[in-house]
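Please arrange chain H on chain D, whose structure you already have, making use of the hints.
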Amino acid sequence: MQMTITEKILAAHCGKKEIKPGELINAKLDLVLANDITAPISIKEFRAAGSKKVFDADRIALIPDHFAPNKDIASAEQCNMLRQFSREHDLSLYFEVGRMGVEHALLPEQGIVVPGDVVIGADSHTCTYGGLGAFSTGVGSTDVAAAMITGEAWFKVPESMKFIYKGKLGKWVGGKDIILRTIGDIGVDGALYRAMEFTGEVIKKLPMYGRLTICNMAIEAGGKNGIIEPDEITEKYVSKRARRKYKFYKSDKKANYIDVREYDLTGMEPQIACPHLPENVKPVSQLAAINIDQSVVGSCTNGRIEDMREAAKVIKGHKVHPYVRMIVIPATQEIYKLCIKEGLVDVFIDAGAAFSTPTCGPCLGGHMGILASGERAIATTNRNFVGRMGHPKSEVYLSNPAIAAASAVLGRIGRPEELK
Amino acid sequence: MKFKAKTWKFGADVDTDAIVPARYLNTSDPKELAKHCMEDSTNPDFMKKMTTGDIIVAEKNFGCGSSREHAPIAIKAAGVSCVVAKSFARIFYRNCFNMGLPIFESVEAVDGIKEGDQIEVDADAGVIRNLTSNKTFTVAPVPPFMQELIAAGGLMAYTKKKAGL
Numbered sequence: 000m001q002m003t004i005t006e007k008i009l010a011a012h013c014g015k016k017e018i019k020p021g022e023l024i025n026a027k028l029d030l031v032l033a034n035d036i037t038a039p040i041s042i043k044e045f046r047a048a049g050s051k052k053v054f055d056a057d058r059i060a061l062i063p064d065h066f067a068p069n070k071d072i073a074s075a076e077q078c079n080m081l082r083q084f085s086r087e088h089d090l091s092l093y094f095e096v097g098r099m100g101v102e103h104a105l106l107p108e109q110g111i112v113v114p115g116d117v118v119i120g121a122d123s124h125t126c127t128y129g130g131l132g133a134f135s136t137g138v139g140s141t142d143v144a145a146a147m148i149t150g151e152a153w154f155k156v157p158e159s160m161k162f163i164y165k166g167k168l169g170k171w172v173g174g175k176d177i178i179l180r181t182i183g184d185i186g187v188d189g190a191l192y193r194a195m196e197f198t199g200e201v202i203k204k205l206p207m208y209g210r211l212t213i214c215n216m217a218i219e220a221g222g223k224n225g226i227i228e229p230d231e232i233t234e235k236y237v238s239k240r241a242r243r244k245y246k247f248y249k250s251d252k253k254a255n256y257i258d259v260r261e262y263d264l265t266g267m268e269p270q271i272a273c274p275h276l277p278e279n280v281k282p283v284s285q286l287a288a289i290n291i292d293q294s295v296v297g298s299c300t301n302g303r304i305e306d307m308r309e310a311a312k313v314i315k316g317h318k319v320h321p322y323v324r325m326i327v328i329p330a331t332q333e334i335y336k337l338c339i340k341e342g343l344v345d346v347f348i349d350a351g352a353a354f355s356t357p358t359c360g361p362c363l364g365g366h367m368g369i370l371a372s373g374e375r376a377i378a379t380t381n382r383n384f385v386g387r388m389g390h391p392k393s394e395v396y397l398s399n400p401a402i403a404a405a406s407a408v409l410g411r412i413g414r415p416e417e418l419k
Numbered sequence: 000m001k002f003k004a005k006t007w008k009f010g011a012d013v014d015t016d017a018i019v020p021a022r023y024l025n026t027s028d029p030k031e032l033a034k035h036c037m038e039d040s041t042n043p044d045f046m047k048k049m050t051t052g053d054i055i056v057a058e059k060n061f062g063c064g065s066s067r068e069h070a071p072i073a074i075k076a077a078g079v080s081c082v083v084a085k086s087f088a089r090i091f092y093r094n095c096f097n098m099g100l101p102i103f104e105s106v107e108a109v110d111g112i113k114e115g116d117q118i119e120v121d122a123d124a125g126v127i128r129n130l131t132s133n134k135t136f137t138v139a140p141v142p143p144f145m146q147e148l149i150a151a152g153g154l155m156a157y158t159k160k161k162a163g164l
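Protein sequences, first through last, are from chains D and H.
Everything in the first sequence is counted per numbering that gives the first Met the number 0, starting at 0 for the first residue and increasing by one.
Everything in the second sequence is counted per numbering that gives the first Met the number 0, starting at 0 for the first residue and increasing by one.
Honestly, the hints are just simulated from the structure, not real lab data.
For glycine and all other residues, C-beta sits at the position ideal for the given N, C-alpha and C.
Mixed in with the good hints there might be a few duds.
[Unchecked claim] Partial selection, computed: residues in chain H whose CB lies under 7 Å from chain D:
1) Asp-12
2) Ala-17
3) Tyr-23
4) Thr-26
5) Arg-89
6) Ile-90
7) Asn-94
8) Pro-140
9) Val-141
10) Glu-147
The following block holds chain D by itself, in its conformation from the complex:
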């Protein structure tokens, strides 16, 4: 039987040779993940079940990244639950403030998730690791509680959709623009319950950070997982990081797809998702009249070193507009250090931007950059729902890092080419 990469990975994890979409399976998990918002419920459920032992102390990652460094007493209590549980169970993958990073940037960077894995996380952007050629998907806290006990999770094998990207990407156009264009095309439930497989000549040339950005936002189209076939680019990225053995899976030539979509990306402008849904996508040139109060560069979507470099390259030698706050948040400590080493921190601070320790922070309206009523932000984050970055009457536009940086200087949505 011909199978997709998603079907092959799932089959290998439930001890079957073949599986079909719609089939219900119980899969062995390579990693189980939760953060300071979702883990407290998992921990309570784990304890309430009377469980004394986790299935594997080296395969449960607890990462306080959302409201950490602790933003208030209630958040401190939640983070402390993760800390105490990790000590109690000797979890090797608990990351304390100072060592932690935004979970979906941290785990691939540290080689803790690898190609061929099956991963669940109580965070919807767990689908990021599809960029490495892993099956990973977001679940709720109760699923994580059960998985911490059994090391397994049930899945309905998803139908797969194939997205083929052709052509040549223009300057300042990357993974973020590709996924926004796609979500704009199919809508926020266009891939509901499905696997989104990204392929084509553009993807084959796309560096790992762009692939992670694309898969990160599969959930924004309702997808169960996003995935990209691993190749030489993957090998180069993981070979020096992987803490476990990894395996490359590839889709069979005649595998079944419920839908195949082709995009020619030649000449595509940077894409922006307008309030209040990630599917409200427009090319940047149509939004030049939109003033902004804040620009955020960071998050699990665009907080990697290449994103920092892109924003720094645009803003170097310029000043953030007097009416704008620019907040730059590298996603991990390693990225933070590279920003110092490469002089990017100087570039941002000289431009008048704030530079922060890793946190999810403003992306979900937690802290470190909350919007007031009537304020508007451009952000490299992943969601622009009502109230997502603060007041329910604030607005968020989603973009790539170059556009967020250029807009910070212009005081309105704009492109790097407009900077003098």
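Here is chain H on its own, set in the frame of chain D:
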């Protein structure tokens, strides 16, 4: 399982940030979360207006966005008896079965219910009756495995049994 109550209607793509905004996620206490249920939705005063047992009726893709189980927890703790929608976002759907918020999929029912209508959801018969307009609609059947989960008392009860706890 039968629910008979007044309905509150919501549009398409109600996200979990609208159901319970992230600014309140520094706790997982159901009562605290319930206070803010639907606060950033099109009906921000939902909690002031609703009465225990009321039913939420929504268009497609209810519960999209974040995986926060706080969303179904807030709805359940608010006293909402069940949610009927044209479709549910995947993680929200899974969470509801895991933590025990009854949900039902029916395109025709959503189209045939106006806000404030009295309805009766009869889960066993697989029908929704609009008592205000006197019409009956079919509910999409619950997949067998999900029925098994419900019968076991939710995912944790199912897991306990499996793990011999």
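| Which of the numbered hints above does this structure break? | 3, 8, 9 and 10
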